[in-house]
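Following the working numbering, the numbering of the sequence shown begins with 1 at its first residue and continues without gaps.
Read the hints as simulated data drawn from the structure, not as lab findings.
For glycine and all other residues, C-beta sits at the position ideal for the given N, C-alpha and C.
Take the hints with a grain of salt, since some may be wrong.
[To be verified] Pair by pair, the computed Cβ-Cβ distance ranges are:
hint, residue 1, residue 2, range
1, K92, E33, 15 to 25 Å
2, T77, S139, 18 to 28 Å
3, D44, H121, 40 to 50 Å
4, P69, G40, 28 to 38 Å
5, D73, S28, 28 to 38 Å
6, D120, D44, 36 to 46 Å
7, A70, D120, 16 to 26 Å
8, Y76, D132, 21 to 31 Å
9, D44, L131, 14 to 24 Å
10, S125, S59, 19 to 29 Å
11, Q56, D109, 32 to 42 Å
12, Y71, W119, 31 to 41 Å
13, H35, P69, 17 to 27 Å
14, Y127, D58, 20 to 30 Å
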Amino acid sequence: MRHFFLLSVFILICSYATAQDHFIPADSIIKAEFHLSAFGVESDDYPSIDVYIDFQKDSSYCHKWYYNPAYKDSSYTLSHDEIQKVKELLLKSDSLYIPENPIHASASDQPSVTSKVYWDHTICSLYDYGLDGAEPLPSVYRLVFKF
């Protein structure tokens, strides 16, 4: 009976440790960068946007610019609620836990997004050509890229 009890405790501890390997605490995400490139897109009135989010300081800076000099550069910030929503979405994204994870579209002359998510112990990069990434990436793009 004692061996059965010890075996049960051992299995329980191993199961708990395995489950903890897949759990990522919300405070382990430090910052994120998103770079929307309009390079190669046919239209000159499509912006390129650089977004920097610091989750620890609850701050952001977004710079929108155009290849066409007729359009003026501008900047904006994300609200506290938008920053928190981006963080929630990133924590749900399995694709951002894999370093250097490319997503490619079959069409040419598409905009692309380069994303970097900084965790406590790693940086995960994602290149999304054609903005074809699976959810929650389109939801993140809708939040951070303001046209």
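Each hint tested on the structure:
Between K92 and E33 the beta carbons are some 19 Å apart, a value that agrees with the proposed interval 15 to 25 Å. Taking 18 to 28 Å as the suggested C-beta distance range, the pair T77 and S139 conforms, at roughly 19 Å. For the pair D44 and H121, the beta carbons lie near 42 Å from each other, so the given range of 40 to 50 Å is met. The hinted window of 28 to 38 Å between P69 and G40 is violated, with their beta carbons roughly 18 Å apart.
Range check, D73 to S28: about 34 Å between beta-carbon atoms, so the 28 to 38 Å window is met. Judged by the Cβ atoms, the range 36 to 46 Å given for D120 and D44 holds: they are separated by roughly 41 Å. At roughly 44 Å, the beta carbons of A70 and D120 sit outside the given window of 16 to 26 Å. Restraint check, Y76 to D132: a C-beta distance of roughly 25 Å satisfies the suggested window 21 to 31 Å.
In this structure the supplied range 14 to 24 Å holds for D44 paired with L131, their Cβ-Cβ distance being about 19 Å. At roughly 22 Å, the beta-carbon separation of S125 and S59 lies within the given 19 to 29 Å, and the hint holds. At about 38 Å, the CB distance of Q56 to D109 agrees with the hint of 32 to 42 Å. Against the hinted window of 31 to 41 Å, the Cβ-Cβ separation of Y71 and W119 comes to about 35 Å, which satisfies the hint.
At about 20 Å, the CB distance of H35 to P69 agrees with the hint of 17 to 27 Å. Judged by the Cβ atoms, the range 20 to 30 Å given for Y127 and D58 holds: they are separated by roughly 27 Å.
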